[in-house]
Amino acid sequence: MRALGLFALVAALILGTGVLQSWNSALIILNMGLVSAIMSLGVNLQWGLAGLFNVGVMGFVALGGLAVVLTSVAPVPAAWAAGGGRAIAALILGAAVITLAALAWRGLAHRRRGLAVAAILLVGLVAFRWVLDPATAAIESVDPAATGYLGGLGLPVLLAWPVGGLLAAGVAWMIGKTALGLRSDYLAIATLGIAEIIIAVLKNEDWLARGVKNVIGLPRPLPYEIDLQQTPGFAERAAGMGLDVTTASTLYVKVGYSLLFAAVLVAVLVLAQLALKSPWGRMMRAIRDNEEAAEAMGKDVTARHLQVFILGSVLCGIAGAMMTTLDGQLTPSSYQPLRYTFLIWVMVIVGGSGNNLGAVLGGFLIWFLWVQVEPMGQWLMGLLTAGMADDSAIRNHLLDSVQHMRLLTMGVILLLVLRFAPRGLLPEK
Amino acid sequence: MDLLNALVALANFVLIPALAYGSQLALGALGVTLIYAILRFSNFAHGDTMAIGTMVTIFVTWGLQALGIGLGPLPTALLAIPFGILGAAALLLLTDRMVYRFYRAQKAKPVILVIVSMGVMFVYNGITRFIIGPDDQSFADGERFLISARDFKAWSGLDEGLALKSTQAITVVVAVLVVALLFWFLNHTRTGKSMRAYSDNEELALLSGINPETVVRVTWVIVAALAVVAGTLYGLDKSYKPFTYFQLLLPIFASAIVGGIGSPVGAIAGGFVIAFSEVLFTYAWKKVLGYLLPASLAPDGLVQLMGTDYKFAVSFVILIIVLLFRPTGLFRGKSI
Amino acid sequence: MSFDDRGNRDLSIGNPAGMGEARPVRGGHERAALGGPFLIGEAMTGGYGRGADILHGCTIAVERGEIAVIVGPNGAGKSTAMKAVFGMLNLRGGSVRLDGEDITALSPQARVRKGMGFVPQTHNIFASLSVEENLEMGAFIRKDDFRDTLEQVYELFPILRDKRRQAAGELSGGQRQQVAVGRALMTQPKVLMLDEPTAGVSPIVMDELFDRIIEVARSGLPVLMVEQNARQALEIADKGYVLVQGANAHTGTGRELLDDPQVRRSFLGG
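Taken in sequence, the protein lines are chains G, P and C.
For the first sequence, our numbering gives the first residue as 1, with consecutive numbering after it.
For the second sequence, our numbering gives the first residue as 430, with consecutive numbering after it.
For the third sequence, our numbering gives the first residue as 766, with consecutive numbering after it.
Hints are computed from structural coordinates only; laboratory data are not their basis.
All C-beta atoms in this analysis are idealised placements derived from N, C-alpha and C, irrespective of residue type, glycine included.
Where hints are given, some of them may not hold.
With a Cα cut of at most 30 Å, we get these calculated BS3-like pairs of lysine-lysine [what the hints assert, rightly or not]: (1) P:K582 / P:K594; (2) P:K667 / G:K429; (3) G:K177 / G:K277; (4) C:K908 / C:K955; (5) C:K908 / C:K879; (6) C:K879 / P:K536; (7) G:K213 / G:K203; (8) G:K203 / P:K715; (9) C:K908 / C:K928; (10) G:K213 / G:K177; (11) G:K213 / P:K715; (12) P:K670 / G:K203; (13) P:K667 / P:K594; (14) P:K536 / G:K203; (15) G:K299 / G:K429; (16) P:K582 / P:K536; (17) C:K955 / C:K928; (18) P:K670 / G:K213; (19) P:K594 / P:K536; (20) P:K582 / P:K715; (21) P:K715 / P:K667; (22) P:K594 / P:K716; (23) G:K429 / G:K213; (24) G:K299 / G:K277; (25) P:K715 / P:K594; (26) P:K582 / G:K203; (27) P:K667 / G:K213.
Listing some non-contacts, in silico: residues in chain G with all C-beta distances to chain C over 10 Å [unchecked claim]: (28) F53; (29) A127; (30) T147; (31) Y252.
Using the sequences and the accompanying hints, generate a full structural model.
Shown next as structure tokens:
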């Protein structure tokens, strides 16, 4: 009942945006709200269901973005010819070095293995760079202004979404294996670090996805507005609905995305709910509430934690791929921890840790506020500074600083919810 | 001669910068580790505490500069640090009173406090950007170099120059002073010992008549001092940009954990381990090797193990390696 | 469970070590209550928090210069009775009086200031602090010069003087107990309360500890002690309390209880 009311409130907020501002803005909020809800579900799976503290959400989201480039962009044959084979060989070499190091770690006697593993890694790093560097130089010199990277596989872009999940799963498996397997748990710092590394790779490995030069014009699952406008009959139908053809085409595309995203969200939500109520979900909660007892009953706690950590990360990866598809470009420098890690945490905590519906609600509500705090702040500041002279330095500073209000607001909301409704808007049952 | 040149190049590009950076990280990590030891959580708002305290220092520095008050060859910011500390301490105490104290009274678990500190991080971050903006600010003045590369070359007759920025020297000197003061305080004063006792065994500290609230307040004030000194030194040495301070969180946490989180000695050791490995791995060794190796073997490439953008990766790998060998860090952590 | 941590034990973000359950409570007020034994918990009834009652009208008292020992089978509420005297659980009935004052309403911290020295059964030292620092922390509430007391503790436990610079956590079990007792003595308490001081130490060390405790009592400081080793404890006791299920089963001098056939049969193994 409470859930229904709160969801109605969010719907009213978004509809209100449509009526008061524009339907275009409302749909933009809705689409990113849908994506945020999926990320939030992912984090909720990890934190709510298993108490795992993942502060590297940004990294998994970015991997999803990378997946879009790697899957859907057409390959660049000249770049492949220049150094593709060598780059792939380098990656295989890198994987081999890491595997060798892991095997040495397990196989060798306790005393010598440290030095041996360090030596393997250092020699491996040099060899890896020796193979990779010429390849990247060659690839990056192929028409650097337009490509300078290998491109992707040229597959349909929707395929990138599961691929994003897979990439995230792979990285999550590696982190989980290392951090959850340690004698004591160090997942938070591990995820914090890996997220920064993923972003560093995206920014610097130009041969992979052009780095900070960005990949723009990613393929879309929906028609381009301009094509729609030229489609015979579209203009008439738009006119029939009382819309001009440009507006109608943008709305058409955005609603298309909304439907696609909503389908994914509903599927994920249903699966998450089923998982929560399944024997697996009950076991996860049993482990969460009393690890010792669960362990004594023969549950492999580390393996279960690894499982749920990977699952949650997969959701973040899928959501990241969806987001990049929606943006139509990959801009590595736009990935900021406050926005892509900590804001997702605000969504989960505000929505209600451990409650899937809560996570979805938090995703929508917090995203709405994140977008709308700025115009609200602008209005408020306008009111506050109305009495001041036009050239007043304070007035200008205040008006310029409005964009930073959203951070402040998010912090205050998180603190208020933690204090007065610590279990969130929709508490776990 | 070549050997000397190589040594000078090494000192100039590796040792001195790493020493300065290590001091800054150590001070930052000390703050994190104190909160971890006394308040028992990892404070995600620490980077932003540094940013906000440094911001106060910068404003006072600007004020002093405008008034024409300075320290001659030394940066005016050194004079402004106490004001920055006052500002940061007031802010932290206010935050504790309004935010953290409630959870302490509830005996909330550490993870909850971590989430709370995320909220505080958002608020501090917003305040900093709101007041000073997200851009680079410069506030360094005074003599730029203690030894300039040109003077050194002229003096030594070597091809390589050794430059020692005054900010680097000041960083190391101030860090040593602050650390010495902190250790004296923790080990030789009644309040310092009561902090260690509280960290070790809360319940027994309570039975001994130690007031937890006093311990917590003193801790916040010390943390404010450490954060402002670290932040100001970093800003003088490099530059002040709020986002950079937020990003320092990772190397600072890595330092604290590598050293053994909760252990002050560990925080210092960790800071230098992380700083030196970052610099060693991202330094282009071409020059040094060029001096050391015969001409026929001189490297063509930069001989850089990793690009400078991967310095986070270095901290991270060091962290994982240390944790694999010693899950408690280099110095057994958890209580001071 | 509003502030649930969901079983998270990530050491990179949280430090559970040394975190206690006790909350600092501001003490209530004492009232004058003249007469009666030096320290008495009378007809105490109560339990932890809102849980079921563990004590049922239990009475424990100790006079000046005496050693009083609480013994009884496992789960009889021995430690609970002592904690009740120290104010660590909610009393629903009965009262606690110390040296002519009713202190039932006081918090444990306030009782320390009133002169109760308490040595908990576990976690009773600051393991990472040196021996001397442990003792100094014991004297934390004192504003006067406590060097004399420090000297007295070192005389009582000479080994501690030799190890005063060493971290207390590095000492042997028996030495740690000496540190714990020494820390409690540093406040110059009016009464010393020991919760199973010999738990986990070897018989030889146990005998030595008992000797020291007798020495403390001889100096005029009343000692109230919970003991698992009933026979040895009763041998040094001036007064013994046998508790069964949170109530007094037998009371008498140590000798009387040792000679009581019923007590021997049920608790002392014949």
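Violating hint indices (sorted, rising): 2, 10, 14, 16, 19, 23, 26, 28
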